[in-house]
Every structure is written in C-alpha cells, then in structure tokens.
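Put together the whole structure using the sequences plus the hints.
If you read the sequences in order, they're chains F and Z. Here numbering that gives the first Met the number 0 is used: the first residue of the first sequence is 0, the next is one more, and so on. Here numbering that gives the first Met the number 0 is used: the first residue of the second sequence is 0, the next is one more, and so on.
Among these hints, one or two may not hold up.
As the list claims (entries may be wrong) - Selected chain Z positions facing chain F (Cβ under 7 Å, derived; list incomplete): (1) 0; (2) 79; (3) 96.
I should point out that these hints are in silico values taken from the structure, not numbers from a laboratory. Small disclaimer: the values here were computed from a predicted structure and weren't measured. No residue lacks a Cβ here, since even glycine has one placed at the ideal position from N, Cα and C.
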Amino acid sequence: MILGRVVGQVWGTRKHPRLERQKMLIVRPLCWYGPDHPTDHLVAVDPVGAQVGQDVVVCLGLPARLALGDPRHPVEASVAAIVDRVSLSRSAAARPFFRFAGDRRPEGLEETP
Amino acid sequence: MILARVIGPVWGARQCPALEGRRVLEVQRLGLGRASGGEEIRADCDERHLQPATLLAVDALGSDAGQLVLVAVGSRVRDLTLGPDVPTKNVVVAIVDEAFLDPSGTGGGR
Chain F
0 MILGRVVGQV WGTRKHPRLE RQKMLIVRPL CWYGPDHPTD HLVAVDPVGA
50 QVGQDVVVCL GLPARLALGD PRHPVEASVA AIVDRVSLSR SAAARPFFRF
100 AGDRRPEGLE ETP
Chain Z
0 MILARVIGPV WGARQCPALE GRRVLEVQRL GLGRASGGEE IRADCDERHL
50 QPATLLAVDA LGSDAGQLVL VAVGSRVRDL TLGPDVPTKN VVVAIVDEAF
100 LDPSGTGGGR
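See below:
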C-alpha cells in the first residue's frame with residue numbers, strides 16, 4: 000500500500016466491462032517503498048468515495064483487486080482508505096527503503112521523534 | 000493504471016503467434032509534474048504534459064492515434080483481459096473521454 004493524494008478524476012465510456020460504473024481517480028503518490036516507480040501518477044479505482052484533494056491509501060496488485068471484492072477485476076491500483084491524519088516517526092523516514100515521491104516532502108505530515 | 004496518449008499502431012512482419020491479430024500500440028505516458036492544476040487534460044493535450052519515453056501496449060478496445068487511454072501494467076491484468084498466452088504486460092483497459100486535475104490536490108507545492 001502507498002500513500003497518495005487524489006489530484007483528479009478520469010472518465011471514459013469505452014472500457015473493459017468490469018470497469019463499468021467504477022470511479023477512477025488520478026492519484027499522485029506521496030511516498031513509495033522500495034525502488035522508485037517510473038511514473039508520477041497512478042489511476043486507481045475508488046470504491047470508497049474519495050474526493051479530489053484528499054489523501055488516500057492505495058492498494059497495488061492483487062490486494063487492489065481484493066479491495067474491490069473480486070480478484071477478476073482488471074485493475075492494479077485501488078483506493079483502500081481515506082486518510083485523516085498521518086504521523087511518521089523520524090527514524091522510519093530515515094530508513095533507506097522509505098522515500099518520498101520525487102524527494103518532495105508532503106505538507107501536513109506530523110513527525111514524531 | 001497510468002494515463003497515456005496513443006501515438007499509433009505498431010506492426011511487425013514476423014511476430015509470435017499469440018500476437019497475431021492483436022493491435023499493438025505505441026503510447027506516451029502522461030507526466031503530471033508540469034500540469035498547473037484546475038486543468039482538463041484532453042487527448043490533444045500539450046506536449047509538456049507528456050513524458051519523453053514511450054511504451055508499447057496491446058489494445059483490445061480499438062483506440063485510435065491521439066486518444067487518451069488507461070494502461071494497466073502487470074501480468075495478472077493481462078491474464079484477465081487478453082489471456083495468459085499474450086506476451087505483454089501493458090494492456091489498454093479504457094479509452095479516456097475526459098480527465099480533470101484539481102489545483103487543491105496538486106500537493107507538495109507544485
């Protein structure tokens with residue numbers, strides 16, 4: 000799972016039948032684990048009802064399909080939760096596997112020592 | 000999934016049997032870094048919205064050059080849409096009519 004901010008929405012009429020009536024959001028990742036991803040945005044299916052500007056937790060891969068209730072959805076990113084507050088310990092942020100996307104530190108991040 | 004713009008189809012004189020009759024597209028990934036927010040991103044979007052690198056995706060929906068599409072990346076999505084024998088990881092799963100970017104969501108002061 001990654002933390003991201005909803006920056007937009009996508010509409011399309013011609014799509015895979017299993018994507019019908021699904022809300023699709025453009026999410027800008029706030030942080031990545033492991034190797035940095037080559038893209039600065041993700042399109043995630045949203046069963047939760049997130050709004051533009053909110054921070055969300057995005058599931059990737061099989062968990063994304065399970066979060067939608069059916070592993071047969073042709074989807075590899077979905078919104079699992081809407082974030083109210085993020086608190087990050089300073090030592091965790093310093094670990095090498097944790098990095099902010101594009102080395103940009105998100106605003107409104109609470110830090111605990 | 001990622002947003003990308005279709006550059007055009009790619010044909011091969013000799014291709015592996017599983018690709019016969021399939022439409023392979025060259026697509027250019029959208030980079031939102033330079034979008035200022037409050038923008039509608041349309042298929043004819045400015046070059047500055049696009050990343051320099053392209054990738055190839057197999058398309059079962061029949062999208063045309065210039066359209067914005069949603070490309071899913073991964074072997075599992077490929078299995079579910081095209082079948083496990085097609086040698087690709089990038090699949091076009093939707094043709095985008097409209098996309099909107101909001102200024103309040105741009106994050107990180109960009």
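Could you check the structure against the hints above and give me the numbers of any it violates, in ascending order?
none
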